[in-house]
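Visitor: Now for the letters of each chain:
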Amino acid sequence: MNTRADELLKHRAWRQATLGTAMVAGAFVLFVVAQLAVTWGLNRRSDPNEHPRLAGLRAELAKQPGAEGIKQEIRHLDLSLRTEFFRSDEQLRTGAWLLLAGLVAFAISATLSARAWAKPPMPAKRPAGSNELQRTALAGRCAVGAVALLLAAAALAVPAWTMKSAQQEKAEGVWTRFRGPRGGGISPYDNVPSTFDVRAGLNVRWKKVVPLSGKSSPAVWNDRVFITGASKHMREVYCFDALSGRMLWRRPVSAGPASAKVPENVMEDTSYAAPTAATDGKNVCAVFANGDVVCLDFFGKEIWTRNLGTPDNFYGHASSPIIFRDRVIVQMDQADEEDGKSFIIALDKTDGKTVWKTDRSAGSAWPTPIAITAAGREQIITCANPWAIAYDPGDGREIWRLKCLAGDGGPSPVFAGGFVLAVNAGSPLTAIRPDGRGDVTKTHVAWQYDDGLPDTCSPLAAGGLVWLLTSDGIFTCLDIRSGKKVWETDLDTSFYSSPSLAAGGIYLLSRKGGLIVAAAGREYRKLADGDLGEGCDTSPAFADGRIYIRGKTHLFCIKEQGD
Amino acid sequence: MDEKEDKLTRRDFVRAGARGACILGVGAVGASMAPRALKSPERMLWQIDPAKCIACGNCATHCVLKPSAVKCVHDFDRCGRCKFCFGYYETSPDAVAHAGVEYQQCPTDAIVREYLGDPYYEYTIDEDKCIACGLCVKGCKRFGNGSLYLQVNHDRCLNCNECAIAAACPSEAFVRIPADAPYPLKDKEHGK
Amino acid sequence: MMRLVAGVLVVAALAGTAAGEEKFRYPPPELGPDYVQPRTSFPAVRETLPAGADIALLVTAILLASYFALKLRSRLGVWCVGAASLAYFGFIRGGCVCPIGSIQNVAAAMDPRVAISMVVVAFFVIPLIATLLFGRTFCAAVCPLGAIQDVVLVHPVRVPAWLTGALGLLPVAYLSLAVVFAVTGAGYIICRYDPFVSLFRLSGSANMLILGSSFLLISLFVGRPYCRFLCPYGVLLGWMSRLSQWRVTITPDECVQCGLCENACPFGAIRKPNADQLPRERGAGRATLIWTLILAPVLVIAGGWLGRQAGPAMARMHATVWLAERIEMEEDGRVKGTTDASDAFRETGRLTEALYADASVYRSRIVFGGTLAGAFVALIAALKLIALSVRRTRTDYEADRGTCLACGRCFDYCPVELRRRKQRGKGGPIP
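Chains as they are written, first to last, in the numbering used here: chain A, 14 to 576; chain B, 59 to 250; chain C, -19 to 411.
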């Protein structure tokens, strides 16, 4: 622009020379870069440490040791790779220096060339009195806003994107109360494992010790599994993570001094925590042998606790609570019918206050009620000695009652094929039409079946068939329309766990922990068997692809491996 | 123009005050660290602790230099001079002493095996060929005496502020050591 | 950090087992008196200049650069110092330690247990103090990253000033992240993602080489992209430069408002006079200023909240946090298989609970740091908005104090400068 040297540069010759040199240098740089890229590829490909063909040959040699041909091939390949590897390393180093030289030449000649070809500066044309400043200030503010928004978006999006790469498995599926959402022991999921063997480690996703023992079954809500445990003086509700089995929380339960009274006559077979917890996605409710009823939220925080009085129940209280809309319904059957101590109570889920309480003409009983809709109305069906009674869930008034159960009642009722099915060891299986009112003993019995009667396991009914399982292993299948036997088989082992239906198979868990899966069809066929590895008196809970089983000491998560 | 000059001097005054504060602040940062800096060794270098090293192979792949600044080192005091060296040969059931390349571990043939006298052999490392893949280290550590180990070679190491291998080391085996004792194990060996 | 302590312990432990009454699986044989044991090679540490020399060279380079830019007003002088710095600090020393990276060391050294060397302290402090005196002459001719971008700039494309101002938020974000990660021990990201260091070393991973080449390619046409839009140290230097005692001026004397230098700066640092612009109505001007002032605390709080949201993901940069999450996932069965790191951890026999506890401490520290970082970036954004709403009258063409990199390219454009050179009898140097 101004100097003697610059004037010299402006000479045509110099201009051409500098521009020419710059272009040559630039082309040289590009050429070297291309060469380096190719050599780099060669170098990577001939890395003797990670060569797929070499590894493959070695694997082959392992299969055929002593094969001279393969040995020779390996030796040749190894030698050629090594030579190529070090040669290309050398080339890369030389190439890098060449590149540097080229870049220096380019930098100098390009700078000189830029000066040689530079045009003299021109004064700016800007009319006086424009508002360019305002416009640029506005543009500046908008730009700052845009960049800030970009950074904000990055702050939100990048974490979401990186956190996603940690594989998140989702837990789905609910098993809200004893024997599932409708109390029938039927699971809608057909992807549950058909077998497991804990001792062999087959299909066991996790197993965790439940700190206090009990005979309550698990309840599941998506990613949480709830279970209770108790001893003479302690009662706890546990929440496990459905996927990992990690215990999320454990909550001791007490309703105050009334809870301290230890119930008498609690059998070891029953345990102090026999009722299964119930959940509705927001809360979980549990009942214990001493009459404590507790309602917790999903984080283990206590909403309310009540003691309904120590049950006078030989064997110990076992009936599980159910959650019906905004009510917790507990069947508290005790002593004998004449003593009049039994009642059924509906508590408000939010604060535990009694909504209604109805006395029952029943003695001690252990079945759990079910909530059904039949004959155009909602009904709570209970079984006890000697009555099967239906209540209106709104006000607790009796709808109908039927005398069909004598003796100790263990099995809970089920509703299928339009019938309420009630049974216990001392009374035939009765199919009741639920559209009656008042005492319907004489009028609403559809049929009865008097063989292979269970004393503990609740019946299973689906697809026009009913299955009964006695504690000694007599497994009977009846037709639900007629009540006639379809088949019967002796499984020769004892069962306390109620049968469940999932994926077309009936899951039977023996007291020893053995699993038998039978076809849910018109002839007996064993589909699979398995082993829990420890004794089991509880019924399984089914979720999406998983089964939760409580054994003597552990809670198991059964899931198909390789998912 | 007086107004403008006044304005200028006021701004200049504020600026001068801020400048003084910054100088003091930066100086204070420097002064607070200076005693510590003067006491610590002049240079700190990267080195591998062989006790923690699991010979994962990252030393070969993560160093910014090619080949890596890490090399395998042989402690001759520990070497058992075995005929079947577990660092030299693969531990496969078919490998025997005197087997060829097909059963040798080193991918670049950097270990030289020489006969000493029955049944002993000398194993030395040709450093120019070693790429620090760690296969020999793994074998020797698991089955042998553990006389082969990886060490950072300080004639090559650039001593980066953040060592790329150290950042990738799965067992946190990289430590910083003072530059006047760059090879801790050497000093132990030769009693220096 | 703890590496220094660990290192000393390693030396001590190993020295302690010198006698070595160990049981070997295969005891080393007695090989007779004629046997000569080979010596294990321990290559000597590569020769470098002593630390004091590095510091002296840095000071010399800065003083020379300042002399050429401010006193002699010679672009050639600045260019030559830059080329020399590029050669020494860049290619010979491999670009390490540099003042940009020293931010991290100094930040980490706020913990008194962390060691730091004199060179690093000096490399952090000296350019800042020099900038407080002379302006950004360090950027012009001493920083090797700047120099390499500067020498390949052949055809600058103008980036409008309003855009460069806004993009100046990016280096602020980079600075905050780097400090958070350095203080919490997650790593030195400035070093890890330095684009030019692979070119200085003539070696590196494929990603780093591609990054470096891309930046170099961009630098052909966009002036100093790293310096202007990424350099975290540049944020600090920009602040210092605004307060500098002396600075580069386009003209040696009075500006005559000829407008010839308007397009001279490839980095967009020249501010035009605006006295002839339409005066804004005071009302509208004040209104804008008021809403930017009101917006400022809102922005800061929003920034802090956003930083907090990004916290847990940021925390995974820390090796311990990553390991803890990996081990947790393996134990839950959410991932198949193990990694070298999780295997190595299990072999140490440490309790996973201890690891989880450590990880949660680091995580909470990083989340806290993220919150501060977010608030800080938002604060700078708010200040930029406020600054854009305040008009300062200028009558002359002048170099913006914060963004002028003191390269001296504008000298050749000013007729007053040319006259000064003619008067001194020098034609002025090339280029």
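One or more of the hints may lead you astray.
Unchecked claim - Only pairs whose alpha carbons sit at most 30 Å apart, straight line, appear in this in silico DSS-like list of lysine-lysine:
hint, chain 1, residue 1, chain 2, residue 2
1, A, Lys354, A, Lys370
2, B, Lys97, C, Lys402
3, A, Lys314, A, Lys370
4, B, Lys97, A, Lys84
5, A, Lys132, C, Lys316
6, C, Lys402, B, Lys196
7, B, Lys187, B, Lys141
8, B, Lys110, A, Lys84
9, C, Lys252, A, Lys76
As the list claims (entries may be wrong) - Over 12 Å on every C-beta distance to chain C, these chain B residues come out as not near it, computed from the model:
hint, residue
10, Glu100
11, Pro125
12, Glu148
13, Ser150
14, Pro151
15, Asp152
16, Ala153
17, Val154
18, Gly158
19, Thr166
20, Ile183
21, Asn203
22, Gln209
Treat the hints as calculated values from the structure; they're not laboratory data.
All of these numbers come straight from a predicted model, not from anything done at the bench.
Backbone N, C-alpha and C fix where the C-beta goes; we use that ideal spot for every residue, glycine too.
Visitor: So is valine 154(B) really clear of chain C, every C-beta pair being over 12 Å apart?
Guide: holds (17 Å)
Visitor: Would the non-interface assignment of proline 125(B) survive a Cβ cutoff of 12 Å against chain C?
Guide: violated (10 Å)
Visitor: Is it correct that the beta-carbon of glycine 158(B) has no partner in chain C closer than or equal to 12 Å?
Guide: holds (23 Å)
Visitor: Beyond 12 Å on every Cβ pair: is that true for isoleucine 183(B) relative to chain C?
Guide: Isoleucine 183(B) is in fact no farther than 12 Å from some Cβ atom of chain C, at 8 Å.
Visitor: Should the label of asparagine 203(B) as a non-interface residue stand, given a Cβ cut-off of 12 Å to chain C?
Guide: violated (5 Å)
Visitor: Does the no-contact call for glutamine 209(B) survive, Cβ to all of chain C over 12 Å?
Guide: Glutamine 209(B) not clear of chain C: closest Cβ-Cβ about 8 Å, inside 12 Å.
Visitor: Is the nearest Cβ of chain C still more than 12 Å from the Cβ of glutamate 100(B)?
Guide: The assertion about glutamate 100(B) is violated, with a minimum of 5 Å to chain C.
Visitor: Given the hint that lysine 354(A) pairs with lysine 370(A), does the C-alpha gap stay at or below 30 Å?
Guide: holds (12 Å)
Visitor: Assess, step by step, whether the Cα of lysine 97(B) is no farther than 30 Å from the Cα of lysine 402(C), and give holds or violated.
Guide: violated (54 Å)
Visitor: Against chain C, does aspartate 152(B) keep a CB gap of more than 12 Å to every residue?
Guide: holds (21 Å)
Visitor: Within 30 Å, alpha carbon to alpha carbon, are lysine 97(B) and lysine 84(A)?
Guide: Violated - the C-alpha atoms of lysine 84(A) and lysine 97(B) are around 59 Å apart, more than 30 Å.
Visitor: Does lysine 196(B) sit within 30 Å of lysine 402(C), going by the straight-line distance between their CA atoms?
Guide: violated (74 Å)
The structure does not agree with the numbered hints 2, 4, 5, 6, 8, 9, 10, 11, 20, 21 and 22 stated previously, though it agrees with the rest.
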